[in-house]
Amino acid sequence: MAAETGTPTTLTLKSNDDELFSVAESAAILSVTIRNMVEDGCAGGVIPLDNVDGKTLASVITYMNGISAIPADEEKKKSYRDKFLSDKDFETLADMVLAANYLNMSCLMDAVSAKIAQVMEKKSVGWVRRKFGIENDYTPEEEAAVKEEHKWTFEGVETDDDN
Amino acid sequence: MAAKHPKRSTSFLPLEIIETILLNLPVESLLRFKTVSKSWNTMISDPAFVENQLHRSKTSSSRNLLLGELGFSHYNSEDYSLVKIDKDRKLQTLQLSEYPPGSNVVLSYCDGVLLLTNDRQTCMDFVLWNPSTGTHATFQFPYEVNPRSQKIYGLCHDPRTGGFKVVVVVCLKYYTVYSCKNNSWTRKKEFGDTSFLVVYDPHIFVDGVFYLLLMDPGIYLITYFDPVDDEFKILRKPEIVVDHLWIYMADLKGRLCVYCNANDGRGNAIRIWIKGEGVGNNYWEELITIENVPTYIWFFKPLCFVENKILIQLYSRRLVLYNPSEKTFEKFDIERYTICQYFPYLDSLIDPGSFFPAQEKEEVVIEKLISCS
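The listed protein sequences correspond, in order, to chains A and B. The numbering of the first sequence is the working numbering, which starts it at 4 and goes up by one. The numbering of the second sequence is the working numbering, which starts it at 1151 and goes up by one.
For the record, the hints were derived by calculation from the structure and aren't laboratory data. The structure presented is a predicted model; accordingly, all values stated were derived computationally and were not measured. Just so you know, even glycine gets a beta-carbon here, dropped at the ideal spot from N, CA and C. There is no bait here: all hints are sound.
Mimicking SDA-like on lysine to any residue, the simulated pairs with C-alpha atoms at most 20 Å apart in a straight line are:
id: 1; chain 1: B; residue 1: K1234; chain 2: A; residue 2: V122
id: 2; chain 1: B; residue 1: K1184; chain 2: A; residue 2: R132
id: 3; chain 1: A; residue 1: K81; chain 2: B; residue 2: E1457
id: 4; chain 1: A; residue 1: K86; chain 2: B; residue 2: D1238
id: 5; chain 1: B; residue 1: K1184; chain 2: A; residue 2: V122
id: 6; chain 1: A; residue 1: K154; chain 2: B; residue 2: E1248
id: 7; chain 1: A; residue 1: K154; chain 2: B; residue 2: D1501
id: 8; chain 1: A; residue 1: K125; chain 2: B; residue 2: L1173
id: 9; chain 1: B; residue 1: K1184; chain 2: A; residue 2: G136
id: 10; chain 1: B; residue 1: K1234; chain 2: B; residue 2: S1247
id: 11; chain 1: A; residue 1: K86; chain 2: B; residue 2: N1174
id: 12; chain 1: B; residue 1: K1184; chain 2: A; residue 2: T142
id: 13; chain 1: A; residue 1: K58; chain 2: A; residue 2: L23
id: 14; chain 1: A; residue 1: K79; chain 2: B; residue 2: N1473
id: 15; chain 1: A; residue 1: K154; chain 2: B; residue 2: H1286
id: 16; chain 1: B; residue 1: K1184; chain 2: A; residue 2: E151
id: 17; chain 1: B; residue 1: K1188; chain 2: A; residue 2: E145
id: 18; chain 1: A; residue 1: K125; chain 2: B; residue 2: N1191
id: 19; chain 1: A; residue 1: K125; chain 2: B; residue 2: T1243
id: 20; chain 1: B; residue 1: K1184; chain 2: B; residue 2: D1196
id: 21; chain 1: B; residue 1: K1323; chain 2: B; residue 2: P1297
id: 22; chain 1: B; residue 1: K1339; chain 2: B; residue 2: N1296
id: 23; chain 1: B; residue 1: K1403; chain 2: B; residue 2: P1388
id: 24; chain 1: A; residue 1: K154; chain 2: A; residue 2: W130
id: 25; chain 1: B; residue 1: K1451; chain 2: B; residue 2: I1438
id: 26; chain 1: A; residue 1: K150; chain 2: B; residue 2: S1187
id: 27; chain 1: B; residue 1: K1481; chain 2: B; residue 2: E1441
id: 28; chain 1: B; residue 1: K1188; chain 2: A; residue 2: R133
id: 29; chain 1: A; residue 1: K125; chain 2: A; residue 2: W155
id: 30; chain 1: A; residue 1: K150; chain 2: B; residue 2: H1286
id: 31; chain 1: B; residue 1: K1323; chain 2: B; residue 2: K1339
id: 32; chain 1: A; residue 1: K80; chain 2: B; residue 2: E1457
id: 33; chain 1: B; residue 1: K1234; chain 2: B; residue 2: P1494
id: 34; chain 1: B; residue 1: K1338; chain 2: B; residue 2: D1376
id: 35; chain 1: B; residue 1: K1184; chain 2: A; residue 2: S127
id: 36; chain 1: B; residue 1: K1188; chain 2: A; residue 2: F157
id: 37; chain 1: B; residue 1: K1184; chain 2: B; residue 2: N1174
Computed Cβ-Cβ distance ranges for the label pairs, DEER-style:
id: 38; chain 1: B; residue 1: P1507; chain 2: A; residue 2: S89; range: 44 to 54 Å
id: 39; chain 1: B; residue 1: R1270; chain 2: A; residue 2: A75; range: 46 to 56 Å
id: 40; chain 1: B; residue 1: E1340; chain 2: A; residue 2: E152; range: 41 to 51 Å
Based on the provided sequences and hints, a complete structural model is requested.
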């Protein structure tokens, strides 16, 4: 538990590629996973986060610091989240959604999921398969039948840019 | 870990994370992505996913979809348009949906499903239609009714009882309930010797029940139809609303609201109360007082919240956004066309046909006949 010394407690987080990060405890406990570790007294040394790489963890910590600096104002928090995610590409967002899920950060999880949905909303089926790494397990006949059933939803789809 | 590979795909996203992402998508995209793979199709078609998607649309902070008949000056088309409204007062047409053949009178709506008929006078044939998925189901009214009788139609979708129920109130004699699940109508239920009048049409569907405003000489009653026992029940009004005051109902934020003139010296002000969530909850709190209302209350209809603003229909065709911090009404730039008959709309995957008892497809029956012979 945080000692009542007046100086903010700092935690050290370690990514799965062995990068170390310092972060204020007050910001880091936005992650329920980290908060539980702190409460269980495991935060004395270094907190290993086996499912998050250094690049993603750096980004998540930027978010933790940014959002915890905003006072309780849901509108401002929302616009911070929008701005934070605005320039992220699909691969980064996919890494972030995994990290947010592992770290149990519901606000980040919701925001990244919504952002990914916004990116894929007008995309083609082929784009989604490539980006999510999904194998088409339909036979050509089956695929044509499913497509035929919802033919009109294929109008107005963006041409693939694969960005 | 996969993260150490320089080149990798994101196929490791577990299905439950994919589900969380997909729940943010509009129905049109979800239907298209059924083609991605068999497992995506199974997930999107799963009744639990359909319910989750519906719940999400309902609780979203901006339920900014309207379904309307699009008209170009004096010409009204045969189609419905799904229109999205953003807080910058832009209207974006998302989708045009054709009516199921022959049925173009909207009687009622709830959870993204419309109750239609072919003829408002006779109303013998009904269609349940989801414009987002284009699916529909049909059924018939079994009783003879005097075409001149006032009829009120209610539609409710209740996850507790499973499926849709259609209520037909033949004023002021009886009502009868059609359960899609059982594919049958109840016997006529008499109202007894009450002398109330229905003063609000259509009803408001929230909390899994629908609310009707009735007038028992001089006194307004908020009643609701409870699909659990097919009975009409009375709801307590906000205490401050005195009996003789004209009240109106609306669905804002997925909760029942009532509104009336403020009558407190603030000129044209309308006060709105909002009821606690859930059918058994009769706790009312004041939501907002709308000031500087440019018209009478009967030409004023709040439709939905668009972020922190309220979309209001003035007269019958004008849309404005009320800005609570400025207390002003912002106009829309929609001179190019008008939309008549607006419905605050929910985008849902519900297939009305799925709530009817499963019927053997003709081919299956034929196959069985062949195998028997």
